[in-house]
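Q: What follows is each chain in one-letter form.
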Amino acid sequence: MSDNINLKRGLDIPVKGTAVRQLKKAIVPDIVALKPTDFRGLIPKLLVHEGDRVLAGSPVMADKADMSILFTSPVSGTVREIVRGEKRKLLEVRIEADKTVEYVDFGVKDPGKTSPEGIRSALLESGLWPALVQRPYGIIASLQTAPKAIFISSFSTAPLAPEIQFSLQDEAENLQAGIDALARLTDGGVHVSFNSKETGNNPFKGLKNITTHYFSGPHPAGNVGVQIHHISPIAKGETVWTVAPHLLAAIGRLFRTGRLDLRRKVAVTGPKASEPSYVEAVAGFCMKEIAGMYDGKADEIRFISGDVLTGTNVGSEGFLGFFDDQITLLAEGHYHEMFGWGKPFRTRKFSFSHTYFSWLTPGKKYAMDTNLNGGVRAFVMSDVYGKVLPMHIYPVYLIKACMAGDIDKMEQFGIYEVLPEDLALCEYVCPSKIEIQSALSDGIDLMMKEMA
Amino acid sequence: MRKFIDKIKPSFEKGGKFGFLHSTFEAFESFLYVPDTVTKRGSHVRDCVDLKRIMIIVVVALIPSLLFGIWNTGYQHSAAFGLDWGFWQMVWYGIVKIIPLYLVSYIVGLAIEFISAQIKGHEVNEGYLVSGMLIPLIVPVDVPLWMLAIAVAFAVIVGKEVFGGTGMNIWNPALLCRAFLFFSYPSKMSGDTVWTGGVSRYLSEGTAYADGNGLVDSFSGATPLVHATEGLDGLNAAGDTFWNMFAGIIPGAVGETSVIAILIGAVILIWTGVASWKIMLSSVIGGLAIGLLGNAFGTTPEMTVPAYYQLVMGGFMFGTVFMATDPVTSAQTETGKWIYGFLVGALTVTVRLFNPGYVEGMMLAILLMNTFAPLIDHYVVSASISRRAKKISKKVKIA
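In order, the protein sequences belong to chains X and B.
Numbering follows the numbering used here, with no gaps: position 112 of the first sequence is 112.
Numbering follows the numbering used here, with no gaps: position 311 of the second sequence is 311.
Okay, chain X solo, but in the shape it has when bound (with noise of 0.2 Å):
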């Protein structure tokens, strides 16, 4: 393990409720959800119509820009509502799900005897292809370029995250045959990157036909952005496709079965979890299937498709995002602490700065809200978001250049290399509490527009 790269600037954010390994309950649901909204940049194309029937793996919706990707009903059921938002946005694709799911049979394949053609196709029509995510900008990869390689992070770093030698044990077959069919998209080869100080039996551990590099260190040593960066910086004009390894599995599971089967072991994770653990559920399924894993009201919790820095606030009555296999549940901070910031001691907060001392007590977790624990101002100190990013970036003069929308200097500062998710530490820790994450956002649409 020579060629380990240790990335010492980050963080662990110490919140409480890590889910134990044990899988809670099978969720059996009554609705499930569509969401264009879980793919950045996508418009979508609506193909059906409220009442028609689905399987699991019919067509719903397509990408307006290339009619050919497509997105596909994880349950079969019935097209009970779909949710517009302003400007008739489309938000969701509601679908009453059966009992027992009916599949489209796609037909059984080997990935290592199909031809890159036949792999397209396949992700295409099953709607497997939006699970490769091409970087820079984090789309949904591109038909007509192929990409420089193909990288997997085998391990998360986010707070709470599941841990892939639970969720994805007994799934090395079937990331087996992810794997070879991905290796054919590409002539750079898939990349998986792993733990170096893991414990415990990695399902990527031994599977052949890929590269393997070995990272260590606190949160984002596990985003795969950080890993590509160290690996392979991403120049202009090059394209990196990424996948989640649970959506590698789902397309390990539709060469080896001919299905779309978008089951997924979630972890239910945060403070607010009664008992943090697992649930096997499906893509889109509704957050009231979890009631009665989290301890008080509904209303005053915040549900998070995601891990707290990069999740979504899907509400309570919300449905779990496409590429999340984790919902962390947060108590709302909807309350005024007298003289918070004057206090010698806050022993309930944490802080990654000495300005309070939480750093003599460094095994703690805490049980974290949603508070702002301050007011928004300019950009005052310099060096805190360094030293929680391990990227040779400078990340507050990219975000300056993203927030006066310069596309050169955007350029220079490495946006391509980026997505808010490798930045939002920088987020976490800004005393001047500046939305970090939506300015980069912000800074990628404008690249996509003034670059397409």
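Worth flagging that the hints you see were computed from the coordinates, not collected in a lab.
Keep in mind the model is a prediction, meaning the values are calculated, not measured.
Don't take every hint at face value.
[What the hints assert, rightly or not] Computed list of lysine-lysine pairs in DSS-like fashion (alpha-carbon distance at most 27 Å, straight line): (1) X/Lys-236 <-> B/Lys-390; (2) B/Lys-391 <-> X/Lys-400; (3) X/Lys-433 <-> X/Lys-409; (4) X/Lys-343 <-> B/Lys-390; (5) X/Lys-409 <-> B/Lys-390; (6) X/Lys-365 <-> X/Lys-343; (7) B/Lys-40 <-> X/Lys-400; (8) B/Lys-391 <-> X/Lys-297; (9) X/Lys-45 <-> X/Lys-64.
Following the hints, put chain B in place on chain X, whose structure we already have.
A: Leaving out everything else, chain B in the frame of chain X:
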């Protein structure tokens, strides 16, 4: 208390009876209570540190200097007039002299901050908590209050608000205040008699808070920097030994004399990570380097003063620890901080060695480097970008 605030809150919101005082109300409310706002977009949890916390840490770090300054003001007065005061008498005199400086500094400065926040409809920035704490510590104790008021107003309006408030300013507001005083009223800001409390008034009106038998014969009032122009002998003759200067029992601006008190502050700042140790260290290195260079030539008496004396004389340490490290006006990049700090220290000592007319170079050195900090950053960042570009282009296809 909370109930009362919630009750009166609606009348301060937009459209309420006192809607025009919204920013003022918000400032007081958030001073008393951390607001109940929750994260809307992006990271759902946030670190509990905010700018108020960072500012209060700097204020805490300044307290040792302030306390020592209070005592030293009394001590210098007592020594100048041969009063043989006890400890508490000295402290009392210091308090009487220094509290008015703080009142003026905070009342004028915060009033302008509130008014400008009100006009812009912003939240009130907490930056002035620190500037207001710093200003009385870097002026002569005898500065007339009306002058201080004008200087504070100038510093806050021209130094900060015209640029958009805390975080946007180019120059350190506290130093700008001092520079304004220095250039507008040089007679009150330089010379030998302004540094000891009560002396100016005694010389003009013949009375002082406690003038006893008048100034003692040996009184000079000059700061060590002036004595240093006569070399080490000059310093020794005036009783300014290294340890006296290190401890701070010398005339000078209120808070700048005691290196011990400043170092306590420096430890707090560095440990909490609020100020950059890189700037502090490189400034000391810069000062020492030029000082040693001066020693090597030794052509003027000032140049023969050992280089390490430069660190304990005048405002060198205070400027290095509290002024040069201002995160807004110093260099932003880590490499830039080394360069910036080194130049601050080097320029300060250069001014001292070559300009016998005005021997305190710290203020101008920092203001000058504040001006050039963005330039330093620009070159550091461009160098890094081109290095990165080369690295990426060199990288052959991975396989």
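Q: Please go over all the hints and tell whether each is borne out by the structure.
A: A quick look at each hint next to the structure:
no. : hint                    : in the structure
1   : X/Lys-236 <-> B/Lys-390 : holds, 13 Å
2   : B/Lys-391 <-> X/Lys-400 : holds, 24 Å
3   : X/Lys-433 <-> X/Lys-409 : holds, 23 Å
4   : X/Lys-343 <-> B/Lys-390 : violated, 49 Å
5   : X/Lys-409 <-> B/Lys-390 : holds, 17 Å
6   : X/Lys-365 <-> X/Lys-343 : holds, 20 Å
7   : B/Lys-40 <-> X/Lys-400  : holds, 20 Å
8   : B/Lys-391 <-> X/Lys-297 : violated, 54 Å
9   : X/Lys-45 <-> X/Lys-64   : holds, 6 Å
Hints 4 and 8 from the earlier list are contradicted by this structure; the remaining hints agree with it.
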